[in-house]
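Those sequence lines, one after another, are chains A and B.
With the UniProt record's numbering, the residue at position 100 of the first sequence is 100, and numbering never jumps.
With the UniProt record's numbering, the residue at position 107 of the second sequence is 107, and numbering never jumps.
Keep in mind the hints are simulated off the structure, nothing from the lab.
There's no promise every hint is true.
Said to hold, decoys possible - Pulled from the structure, derived: some chain B residues nowhere near chain A, Cβ distances all over 12 Å:
| id | residue |
| --- | --- |
| 1 | Gln18 |
| 2 | Ser30 |
| 3 | Glu38 |
| 4 | Pro41 |
| 5 | Glu78 |
| 6 | Glu85 |
| 7 | Asp86 |
| 8 | Ala110 |
| 9 | Ser113 |
| 10 | Arg126 |
| 11 | Val139 |
| 12 | Gly154 |
Said to hold, decoys possible - Here are the computed distance ranges between Cβ atoms for each label pair:
| id | chain 1 | residue 1 | chain 2 | residue 2 | range |
| --- | --- | --- | --- | --- | --- |
| 13 | B | Arg126 | A | Ala70 | 41 to 51 Å |
| 14 | A | Arg75 | B | Thr124 | 44 to 54 Å |
| 15 | A | Ser89 | B | Pro26 | 27 to 37 Å |
| 16 | A | Arg69 | B | Glu38 | 28 to 38 Å |
| 17 | A | Arg73 | B | Pro121 | 24 to 34 Å |
| 18 | B | Thr124 | A | Glu48 | 41 to 51 Å |
| 19 | B | Pro121 | A | Ala117 | 40 to 50 Å |
Glycine included, every Cβ here is placed at the ideal spot set by N, Cα and C.
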Amino acid sequence: MRAMVIDDSRAMRMILKRIVSKLDFEALEAGDGREALDLLATLDEVPELALIDWNMPNMNGLEFVTNVRADPRLREMTLVMVTTESEQSQIVRALAAGAHEYVIKPFTEGAMIEKLALLGLVPTGANS
Amino acid sequence: MSVEVEVNENDLAEMVEQVWESYLDPEGISPLIPTYDENQPSEVHSSVSITGSWTGHIVYASSTSAARRAAAAFLAMEMDEVSEEDLSDVLGELANIVGGNVKAMLPPGALLSLPQVVLAPETTARFPHSERISGVYGVWDGEPVSISMWQSRGDNKEGAE
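Work the whole structure out from these sequences, hints included.
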């Protein structure tokens, strides 16, 4: 399986890549939503998962989610927002736009794995 | 119109603890030890600005050594492998994380800027018409680290100087 990590912070991309790699995902990365869409357009197979920051230059995470949901080719992707935007109204906006889950920074590795397990992307108990 | 912020030092301390637990000290062996010294020195700093229902800045400041250590922890590398770009990236993300969590505690309508990083002491920072209202000051493995909140005294005055 493949996971796309989309964050303008290289440090955060590293952390997320470490986590998904431990879970046997092949990690792809992009520095913003536009770069992620461009990368997706080049791929024959769509990644199963995208972990998406909200506040990014060029194209933010919410715009990326909206674009993905408008593209039938990408409809199977599981979209998880990973962001400091933690107000209820923002979470509702992201979920309404088509995100499946929402993880608030800072997060522990265990918390992230639990979220992915809830989505059925990793076996329950992968965190132990 | 800017409101009086209700984020206090305990709230900030809790956010900082979460950052340490999540990224900088997941094993729980090297916490940030409080000094309560708001005048402790720094060599680098990063900030995010919040505008809207509250206007001000969140500033992360530390020694270069502490910043290098933070970058090494984030990026899973040795301290001597950390580049200036790594330092900037991690300092920016730290300010972004704390700033985002502060914003969540404010009344609706606040906007968070992208982070700014300055590889120079916090004393070189210029936040016109702002005053420090809260902060967490400590040492991490003997090196100074602080996270502070600066509130603008009035709307439409920033940048007037």
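Okay, the hints, checked on the actual structure:
1. Gln18: Since the minimum Cβ distance to chain A is about 5 Å, Gln18(B) lies within 12 Å and the statement is violated.
2. Ser30: At about 16 Å from chain A, Ser30(B) clears the 12 Å cut-off, so the statement holds.
3. Glu38: 24 Å, holds
4. Pro41: Given that every Cβ of chain A is farther than 12 Å from that of Pro41(B), nearest at about 24 Å, it holds.
5. Glu78: Answer for Glu78(B): holds, closest chain A Cβ roughly 14 Å.
6. Glu85: 8 Å, violated
7. Asp86: 7 Å, violated
8. Ala110: 9 Å, violated
9. Ser113: Not fine: 9 Å to the nearest Cβ puts Ser113(B) too close to chain A.
10. Arg126: 23 Å, holds
11. Val139: Non-interface label on Val139(B) holds, nearest chain A Cβ at 20 Å vs cutoff 12 Å.
12. Gly154: At roughly 25 Å from the nearest Cβ of chain A, Gly154(B) sits farther out than 12 Å, so the non-interface label holds.
13. Arg126(B) - Ala70(A): 41 to 51 Å: Since Arg126(B) and Ala70(A) have Cβ atoms about 43 Å apart, the given range 41 to 51 Å holds.
14. Arg75(A) - Thr124(B): 44 to 54 Å: 50 Å, holds
15. Ser89(A) - Pro26(B): 27 to 37 Å: Cβ of Ser89(A) to Cβ of Pro26(B): about 31 Å, so the range 27 to 37 Å holds.
16. Arg69(A) - Glu38(B): 28 to 38 Å: 47 Å, violated
17. Arg73(A) - Pro121(B): 24 to 34 Å: 50 Å, violated
18. Thr124(B) - Glu48(A): 41 to 51 Å: Cβ of Thr124(B) to Cβ of Glu48(A): about 46 Å, so the range 41 to 51 Å holds.
19. Pro121(B) - Ala117(A): 40 to 50 Å: About 44 Å separates the Cβ atoms of Pro121(B) and Ala117(A), which means 40 to 50 Å holds.
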